[in-house]
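The listed protein sequences derive, respectively, from chains A and B. Using my numbering, the letters of the first sequence map in sequence onto residues 154 to 685. Using my numbering, the letters of the second sequence map in sequence onto residues 511 to 785.
Please keep in mind that the hints were generated in silico from the structure rather than gathered at the bench. Keep in mind that a hint or two might mislead.
[To be verified] Calculated cross-link-like contacts (lysine-lysine; reagent style DSBU-like; alpha-carbon spacing at most 35 Å):
hint: 1; chain 1: A; residue 1: 616; chain 2: A; residue 2: 434
hint: 2; chain 1: A; residue 1: 642; chain 2: B; residue 2: 589
hint: 3; chain 1: B; residue 1: 597; chain 2: A; residue 2: 349
hint: 4; chain 1: B; residue 1: 716; chain 2: A; residue 2: 576
hint: 5; chain 1: B; residue 1: 597; chain 2: A; residue 2: 434
Listed here are the chains, written in short residue letters.
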Amino acid sequence: MSTQVATLGEAHPRQYHGVLDWLTTTDHKKIGIMYLVFALINGWLGGSLAGLIRINLYNPDWHIISPALYNQLLTMHATIMIFLTLMTAFAGMGNYLVPLMIGARDMAFPKLNAFSFWLMIPAALMLYGSFFVAGGAASGGWWSYPPLSTLQFSPGHGEDLWLLAVIILGIASIMGAINFLVTILDMRAPGMTWTKIPLFVWSWLVTAWMLLLALPVLSGALIMLLSDRWLSTGFYRPALGGDPLLYQHLFWFFGHPEVYVMILPGFGMLSHIIPAMSRKKVFGYKGMMVALWAIGVIGFMVWAHHMFTAGISGAARMWFSMASMAISVPTGVKIYSWLASAWGGVIRFSTAMKFALGFIFTFVIGGLSGLMLAVVPFDIQVHNTYFVVAHFHYVLVGGSVMTLFAGTYFWFPKISGRMLSEKIGSWVFWLFFIGMNWVFMPMHMLGIDGMSRRVATYRPEFKPLNQFISEGFIFMLAAGLLFTYSILKSLSEPKDAGNDPWDAQANGERQLEWETASPPPAYNFAEIPEIR
Amino acid sequence: MNGAMNGAMIWLFQAVQQAIQAAATQGAAAPTRDAFNAPGSNIARLAATESWHAFYWVIPFILIAFILLVVVMVRFRDKGDGRQPAKFHDNNPLEIAWTIIPVIVVVMVALHSYPVLHIMEYGGNNPAVNVEVVGHQWFWEYKYPQYGIDISNDTLVLPANQVVDLDLTSVDVIHGFYVPGLGIQEDALPGRLTNQWFKAQAGYYKGQCTQLCGVNHSQMLIDVQVLPDNEFQAWLQSHRNQPSAAAAVATLPAALLHLPKTLPMQPAQKGDTQQ
Numbered sequence: 154m155s156t157q158v159a160t161l162g163e164a165h166p167r168q169y170h171g172v173l174d175w176l177t178t179t180d181h182k183k184i185g186i187m188y189l190v191f192a193l194i195n196g197w198l199g200g201s202l203a204g205l206i207r208i209n210l211y212n213p214d215w216h217i218i219s220p221a222l223y224n225q226l227l228t229m230h231a232t233i234m235i236f237l238t239l240m241t242a243f244a245g246m247g248n249y250l251v252p253l254m255i256g257a258r259d260m261a262f263p264k265l266n267a268f269s270f271w272l273m274i275p276a277a278l279m280l281y282g283s284f285f286v287a288g289g290a291a292s293g294g295w296w297s298y299p300p301l302s303t304l305q306f307s308p309g310h311g312e313d314l315w316l317l318a319v320i321i322l323g324i325a326s327i328m329g330a331i332n333f334l335v336t337i338l339d340m341r342a343p344g345m346t347w348t349k350i351p352l353f354v355w356s357w358l359v360t361a362w363m364l365l366l367a368l369p370v371l372s373g374a375l376i377m378l379l380s381d382r383w384l385s386t387g388f389y390r391p392a393l394g395g396d397p398l399l400y401q402h403l404f405w406f407f408g409h410p411e412v413y414v415m416i417l418p419g420f421g422m423l424s425h426i427i428p429a430m431s432r433k434k435v436f437g438y439k440g441m442m443v444a445l446w447a448i449g450v451i452g453f454m455v456w457a458h459h460m461f462t463a464g465i466s467g468a469a470r471m472w473f474s475m476a477s478m479a480i481s482v483p484t485g486v487k488i489y490s491w492l493a494s495a496w497g498g499v500i501r502f503s504t505a506m507k508f509a510l511g512f513i514f515t516f517v518i519g520g521l522s523g524l525m526l527a528v529v530p531f532d533i534q535v536h537n538t539y540f541v542v543a544h545f546h547y548v549l550v551g552g553s554v555m556t557l558f559a560g561t562y563f564w565f566p567k568i569s570g571r572m573l574s575e576k577i578g579s580w581v582f583w584l585f586f587i588g589m590n591w592v593f594m595p596m597h598m599l600g601i602d603g604m605s606r607r608v609a610t611y612r613p614e615f616k617p618l619n620q621f622i623s624e625g626f627i628f629m630l631a632a633g634l635l636f637t638y639s640i641l642k643s644l645s646e647p648k649d650a651g652n653d654p655w656d657a658q659a660n661g662e663r664q665l666e667w668e669t670a671s672p673p674p675a676y677n678f679a680e681i682p683e684i685r
Numbered sequence: 511m512n513g514a515m516n517g518a519m520i521w522l523f524q525a526v527q528q529a530i531q532a533a534a535t536q537g538a539a540a541p542t543r544d545a546f547n548a549p550g551s552n553i554a555r556l557a558a559t560e561s562w563h564a565f566y567w568v569i570p571f572i573l574i575a576f577i578l579l580v581v582v583m584v585r586f587r588d589k590g591d592g593r594q595p596a597k598f599h600d601n602n603p604l605e606i607a608w609t610i611i612p613v614i615v616v617v618m619v620a621l622h623s624y625p626v627l628h629i630m631e632y633g634g635n636n637p638a639v640n641v642e643v644v645g646h647q648w649f650w651e652y653k654y655p656q657y658g659i660d661i662s663n664d665t666l667v668l669p670a671n672q673v674v675d676l677d678l679t680s681v682d683v684i685h686g687f688y689v690p691g692l693g694i695q696e697d698a699l700p701g702r703l704t705n706q707w708f709k710a711q712a713g714y715y716k717g718q719c720t721q722l723c724g725v726n727h728s729q730m731l732i733d734v735q736v737l738p739d740n741e742f743q744a745w746l747q748s749h750r751n752q753p754s755a756a757a758a759v760a761t762l763p764a765a766l767l768h769l770p771k772t773l774p775m776q777p778a779q780k781g782d783t784q785q
């Protein structure tokens with residue numbers, strides 16, 4: 154096998170080595186790894202900003218961070234975590250695994266794939282660099298609502314750099330989405346019919362479709378905002394007959410599907426991890442697939458639940474309330490199907506499985522607090538308070554990040570050929586799980602008590618809970634340190650993981666990524682496998 | 511490893527205990543009221559009741575998922591006894607049930623909230639007091655067109671047990687008018703009028719701006735004093751006929767004072783349907 158692969162490699166016009174190889178590669182696996190490393194670095198930087206925020210909120214009288222800088226920190230924390238960490242990490246997982254799982258040698262457009270990745274670097278540099286321009290980084294929140302983000306109220310170039318960076322990231326994601334769609338639709342191994350596509354691949358198909366529909370709307374909205382800033386247009390300026398509410402509709406038409414973009418690939422990963430660790434086949438494959446599509450379609454009809462207090466009409470509130478609640482139905486189908494996948498199994502509590510089951514705990518809380526938020530009379534009580542902060546961190550940290558930990562522990566042996574330490578992994582899980590609940594659970598109470606989000610200081614009665622929350626952050630920090638240490642440590646160990654370290658194929662299902670070597674050779678398969 | 515884990519757990523419990531104690535002692539200093547612990551208006555009571563109704567329907571789903579999760583972890587863990595994993599991987603009746611039942615519950619919960627929503631949106635006709643709330647960076651301006659009063663950066667004073675109608679707008683960026691004890695939150699947008707009505711109990715309420723509105727967003731606090739009718743009348747007397755304010759407010763809608771006259775004003779949705 155290896156000799157055949159070497160022949161394939163030589164057919165390539167020119168071969169580079171070392172750094173130059175990484176800079177010029179179009180190999181989906183190397184690009185996937187670069188995405189993942191990039192996501193980890195940005196996770197650290199975005200997490201550090203969260204740390205600064207928690208230090209500042211430890212005591213309302215400290216004022217360590219100026220309110221102006223505080224607004225920059227919260228804006229950049231969200232932007233980095235959403236665009237440079239979560240989306241990037243899932244793009245990395247998808248890039249690495251999708252071609253392997255469908256029995257392809259690469260993505261459909263390898264050069265476009267590399268271009269998508271490399272576009273992220275200037276965008277990231279613009280975002281981080283914007284801290285150092287006059288006026289500092291963007292400070293209008295990651296929604297960047299006008300009029301606050303217009304030239305009158307945000308005169309600094311930080312806002313322009315933010316807008317341009319997010320537009321560039323959007324272009325990168327649109328190209329990535331097209332690449333995923335074409336790859337999945339066109340490059341599957343012979344015999345891999347619709348009902349044989351692995352669920353992670355399905356999840357990326359739905360994700361790619363959502364990206365392709367949602368991101369052009371964001372780009373358009375942001376370009377209109379740029380034009381309002383510099384070309385004297387008035388799309389969002391009331392004084393010129395424009396309307397700030399238009400921006401909110403456009404932004405959330407992207408912004409809500411974006412939430413599912415950041416969780417569906419995680420759902421896909423769990424649909425592999427839980428069955429493999431339970432030594433069973435996934436329960437309700439077709440139901441899982443339909444649920445993914447239901448989320449992907451209904452996800453486009455719920456955006457205005459972010460605007461329940463913005464003065465939208467009663468009829469709109471009714472529709473967006475019920476549609477938002479309806480999303481919980483396919484999500485519930487997935488939760489129950491995962492539990493049924495484990496039911497009757499012989500479960501190994503590897504770190505990947507701990508994160509997967511921990512995910513079910515935290516995601517049920519995040520999902521159902523989301524259902525509560527869809528009830529308009531309740532939403533009005535806690536909208537834009539820490540309750541909402543608690544909710545979306547349960548979904549994004551308790552949801553997306555937990556699935557990424559699970560996925561990393563599960564596929565790291567495939568990617569690197571080495572196992573991650575299960576002993577350290579257990580510590581990573583417990584520290585992260587305890588820390589995550591410690592930090593975000595009390596935020597529900599803060600919100601119900603009436604503490605607004607995005608505030609640099611607060612009324613004295615909120616102090617005890619805020620101090621408690623800030624202390625919990627130490628646990629998440631420790632988990633992050635141990636996780637990073639574990640990855641670095643494993644890199645010096647021998648590549649002895651074997652093709653299928655989890656014995657994932659014991660359930661009798663063909664899973665192409667576990668059939669090739671770990672790490673897989675260039676071009677993945679000497680011979681394209683056939684599915685019968 | 512176990513010893514350290516135990517130490518961590520003990521530390522965790524102690525920290526929880528301390529936080530609860532601290533919260534209990536701090537509570538003596540007039541906490542912010544909220545719709546759930548101390549509803550101060552008809553809207554807050556309606557919202558709290560509706561929220562609890564929805565929550566009661568949500569709880570069973572949380573419990574079912576958690577119980578199944580625990581059962582799976584305890585019963586089906588690998589005990590090393592050579593047990594073979596089950597072979598089933600679908601069950602149509604079960605899958606249909608866990609789709610249809612949540613659909614019914616979701617539709618029920620949504621429909622149940624609609625009448626409350628309707629009252630919040632379209633109730634409160636013939637308000638006794640109408641206040642125009644104007645957001646500024648970074649303070650609130652309250653205008654009482656009936657009485658020619660215009661106050662800024664001050665406590666909002668309202669009469670108890672009467673229909674109060676707030677019309678909100680902004681002169682610069684978007685602000686959020688949020689008073690949890692009164693159960694109200696509504697954005698104040700430039701170029702638009704939004705509104706919210708309620709009947710409040712006498713008392714003191716704290717709130718704050720909920721839309722990020724610039725550098726001093728966290729300083730944009732709201733204080734509301736709801737007074738019994740006689741005290742409210744006395745307050746009106748002491749603030750009425752301040753000449754400058756009266757002249758400014760008497761004729762034009764709040765938002766128009768601050769915006770070009772060519773601006774196509776968006777009517778608040780309530781204004782369209784109010785009889």
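Structure-based check of each hint:
1. Proposed proximity of residue 616 (chain A) and residue 434 (chain A) is contradicted: the alpha carbons are some 49 Å apart, above 35 Å.
2. The hinted pair formed by residue 642 (chain A) and residue 589 (chain B) meets the criterion: a straight-line CA distance of about 31 Å does not exceed 35 Å.
3. The straight-line distance between the Cα atoms of residue 597 (chain B) and residue 349 (chain A) is roughly 18 Å, inside the 35 Å bound, and the hint therefore holds.
4. Between residue 716 (chain B) and residue 576 (chain A) the alpha-carbon distance is near 50 Å, which puts this suggested pair outside the 35 Å criterion.
5. Proximity of residue 597 (chain B) to residue 434 (chain A) is assessed by CA-CA distance (about 8 Å); at most 35 Å being required, the pair is judged to hold.
Consistency note: the structure conflicts with the earlier hints numbered 1, 4.
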